[in-house]
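Position chain V relative to chain Z; hints supplied.
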Amino acid sequence: MSLSSRHLLGLFGVPKEDIQLILDTATTFREVLERPIKKVPTLQGKTIVNLFYENSTRTRISFELAQKRLSADTINFSTSTSSTKKGETFKDTVRNIEAMKVDMIVVRHQSAGVPQYLTKISKANIINAGDGLHEHPTQGLLDMYSIRERLGRLEGLKVCIVGDVAHSRVALSNIFGLKTMGAEVTVCGPSTMIPMGIESLGVKVTHNINDAIANNDVLNVLRIQLERNAGVRIPSLREYHQYFGITTERIEKYNRNILILHPGPINRGVELSSEVADGPYQVILDQVTNGVAIRMAVLYLLGTMH
Amino acid sequence: MKIIFKQVRLLNPDQKLDKQDDFLIENGIIKKIGGLTDSDFKSAKVFEFENKICVPGLFDMHVHLREPGREDEETIETGSNAAAAGGFTGVACMPNTNPDIDSAEIVRFIKEKSKDHLVNVYPVAAATLGRKGEALSPMYELVESGAIAFSDDGRFIKTAAVLRSVMEYTKMFDVPVIEHCEDETLADGAMNEGLTSTLLGLPAIPNIAEDLIVARDIMMAEFINARIHIAHISTKGAVELVRNAKKRGVKVTAEVTPHHFTLTDDNLKTYDTNYKMSPPLRTRADVDAIIEGLKDGTIDVIASDHAPHSIEEKEMEFIYAPNGIIGLETMLGLALSELVHKKHLNLEQLIEKMSINPRRILKIKIPQIKEGEKADLTILDKDYIWTVDIAKFKSKSKNSPFDKRLLTGKSIAVINNNKMFYDDKIIEI
Chain Z
1 MSLSSRHLLG
11 LFGVPKEDIQ
21 LILDTATTFR
31 EVLERPIKKV
41 PTLQGKTIVN
51 LFYENSTRTR
61 ISFELAQKRL
71 SADTINFSTS
81 TSSTKKGETF
91 KDTVRNIEAM
101 KVDMIVVRHQ
111 SAGVPQYLTK
121 ISKANIINAG
131 DGLHEHPTQG
141 LLDMYSIRER
151 LGRLEGLKVC
161 IVGDVAHSRV
171 ALSNIFGLKT
181 MGAEVTVCGP
191 STMIPMGIES
201 LGVKVTHNIN
211 DAIANNDVLN
221 VLRIQLERNA
231 GVRIPSLREY
241 HQYFGITTER
251 IEKYNRNILI
261 LHPGPINRGV
271 ELSSEVADGP
281 YQVILDQVTN
291 GVAIRMAVLY
301 LLGTMH
Chain V
1 MKIIFKQVRL
11 LNPDQKLDKQ
21 DDFLIENGII
31 KKIGGLTDSD
41 FKSAKVFEFE
51 NKICVPGLFD
61 MHVHLREPGR
71 EDEETIETGS
81 NAAAAGGFTG
91 VACMPNTNPD
101 IDSAEIVRFI
111 KEKSKDHLVN
121 VYPVAAATLG
131 RKGEALSPMY
141 ELVESGAIAF
151 SDDGRFIKTA
161 AVLRSVMEYT
171 KMFDVPVIEH
181 CEDETLADGA
191 MNEGLTSTLL
201 GLPAIPNIAE
211 DLIVARDIMM
221 AEFINARIHI
231 AHISTKGAVE
241 LVRNAKKRGV
251 KVTAEVTPHH
261 FTLTDDNLKT
271 YDTNYKMSPP
281 LRTRADVDAI
291 IEGLKDGTID
301 VIASDHAPHS
311 IEEKEMEFIY
321 APNGIIGLET
331 MLGLALSELV
341 HKKHLNLEQL
351 IEKMSINPRR
361 ILKIKIPQIK
371 EGEKADLTIL
381 DKDYIWTVDI
391 AKFKSKSKNS
401 PFDKRLLTGK
411 SIAVINNNKM
421 FYDDKIIEI
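These protein sequence lines are chains Z and V, in that order. Take 1 as the starting number for the first sequence in the numbering used here and just add one per residue. Take 1 as the starting number for the second sequence in the numbering used here and just add one per residue.
Here chain V stands alone, though its shape is the one from the complex:
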């Protein structure tokens, strides 16, 4: 099947590409950029994408797809549909499933389940068996079967000795260790520690719980000369630690979630459990530092930490409710609204953080907008104004604090693997 995007803006900072032109895709391959003939137009399905922006397919390197184990909350299929609806052509899924992704069987199971989808799913395997922080997972085998990174996400690697081992062993494959940096001995709480937690009477988690582990991990990565990726950075101190480490040449990268650059602990004043996250929402000063970190490149990646939870689990007394919110279908809109439209980042920087950098970190080929290349693309309308409606989400879960929020900017089409997400559904092309 042939499709044409008429006069779309083609933007890929990785190729230093930014121009407006007609664009022909045939059988999932980019066939022609410009120079389209009358017969091309006659034989193709034409999309009027003037003023729309075509970028390399967006990538979310931190999602929880819940399968295997909690298929009532999300499955690989529903999560992938949510990713497509949110503008993504690839996601990396975290290993805290049940069982954990700590065996080649589970990696293969996920690859198999996702192989026919528009969205590419890349499993992140557990760094330690059962994510217990004790014994190394079978890393060689996991990498061979398709794991692209290691993480005990949900918790940190408890001892420095095990962390050292994990970093030394993974160095062989040059894959990153992704750390959820939070010292559990200081993190027995339900929100950020500060005046708001005192006023709300909730047990709290101080910034230092994160800062300490970020510092430890950076020092370890520096010592071993290994790679470390800091997941969902949330504190001013951690941003500063990463910034300084990068200056010294440490192989550290970092990601932030939309909720950590959009919301603060003030939002918890209603005790709405949709504001309960790990790491917790911090203060305005932390949000400002994060935005600064995004601007100066300290923070490489924007990732959703998409964490589906059932209504009955989330609608619970605050201290008992689980952490996390879904984010695949709101991430792009929030990033455009909060970062691009507020002039903190330009569009190129945003594409780097949502498409290019995550792939670079995970060593996945960056899609090229070039004749002869596979079409792995997202079409954005950065000025489209819409209202979030959780009822319309493709995700099986609805735990989002952004319901009814007005956003500016949305993905309107996604193309990958000979498929196209357009008009709320996936079609073969």
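For reference, chain Z alone in the conformation it holds in the complex:
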């Protein structure tokens, strides 16, 4: 069994069988992570570059760890240590890295489309670790994995994505992946955070958080970007929390069976109350562990393709 593409650029258009294969492969690696010796020789001799043009600690560490667990050689390249600031073009940077004979590139960039562009200028397998407001496919995969781990399936489940959907690559990857896997997707947030016409992607829209809690099996709660939003798209963080924040009171009143996901880092007291963030309804730290397994699965499946 192998994937139908040699890159992972997004979950848009990725067939169900591919997602299934990644999730199933991740289950195997998830087991490896529980062993005393958490390393397998699968990607020995492969060289992987983590090309990060945007600040990221968690995603980069997660990828790096996944690469090390698979015994690949890993190089981290981030803007602060690169020649980009000296005025080198992106293309030249990539060509330089390519000349060092790398097999795979994991890329995060502020601009949507950079992973696609990389496939044109590099021979390596490309994995998108987040491009602009576009996609973050491994996050979508690890979210689906975490849901499936808890609820045993994806098909027929009702999942609501809560928050700034208009400026979230996590939201798009979730929508595409979940729809493919047969889940029903709703988005919830203030109307300034829901893109016009999103219904045409086959998702429902609500602006009422209580309804969202009551009518869904899962809430995937997005991080509210403090610097970007306060005062522009929402009046204040206080008001956001009051009308869209997930609290224990709301969960207990509307749906005690709800499963809460959050891609992190959490703004406690904004999108989630502290009580919910640490409480029994969430699987936030499982998502982090599962993230390593998912990235191992993706790296393995792409790195061993012929």
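By construction, these hints were calculated from the structure, which means they are not laboratory data.
Pairwise CB distance ranges (calculated):
#1 Pro-265(Z) with Ile-385(V): 56 to 64 Å
#2 Met-196(Z) with Lys-342(V): 27 to 35 Å
#3 Ala-135(V) with Leu-285(Z): 58 to 66 Å
#4 Gly-69(V) with Ser-274(Z): 51 to 59 Å
Quick look at which bits of chain Z chain V covers, simulated, 3 or more residues with Cβ under 8 Å:
#5 113-127
#6 184-197
Glycine residues also receive a C-beta, built at the ideal position from the N, C-alpha and C atoms.
Relative to the frame of chain Z, chain V by itself:
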């Protein structure tokens, strides 16, 4: 030197002229139409232009020639060569050079640099100093030194108060204000806002960013009874606003680029930066409305918005790449292919929009195909099938999304200022 076009179709809607005849040009002047003698034929260089169409020289009222400032991307000379190759005898160049065209010195510099060329270059001056939207440029002096219109192209005039001042002051000279209608506070994006931008995850610019400023400018022009020309119209709403304003008698005119009637935001799905423009490529509904506007005369002019960019600038991450494409050498082919051959416009309408109307708006004499007149002409082969090849462009830049596109219709010769562009080069005649 004497040249003869044998049995060419002479077409000029401005003169209600449409007939086939022999045609003699001597020393850059139209000497004889018909009635050519044997001795004329013996002493002249004869071009077999049967089935070709001779029209008043085409005019592109919206180009960026980049000089002064970015001579690595284009110069007045290379841009003029591209214009000649594309079938044009005149262009109006926009003021977003470095420095901006906001002083008489720069206007004179451009006039001086272009004076010996086949193509006439008419500078459009900045409406405000440095195109900052704050203080008026020295307009009287600019007009006197040769500026034919005012524009802060690249951006809109930010405040209604400054716009009012610009319109009131330019009214004295009866020259148009050309506006790039886009509210910057709504236009912080890289493509059109819609389902495609959501799918591509690119920051987006809604139609309303354009519609609002078109509405504002029309109202201001109506209030002051001044002239306003809407540059590169791109939305359905803006077309409707212009249509209604014209019905009310507002002195508004509008232009559209070939890319805005040929392409849609769907083309961005490859993230190719050659599809990144300002205003952005819109949807099919907008393109349909634009074609309707061209047909019913709401849109007066087709202009290229020729915007050269270096390869290293354009070959960048999408959100960082600059806006714009070159267009001088593909405009006529696209207009013929997309509008005339698809029966949206007839040839007369096309000549009006690419030769007569731009000159009328800018108050430049419309070339007449008449004995004794200066020869300012373009010869078209409207059925010539060719493939765009950016490597063959005269322009210094190559940023075109139309490379390898099959087009029907091309200019095969251009005559102006005692010069002729033919067979890929300019010769003295």
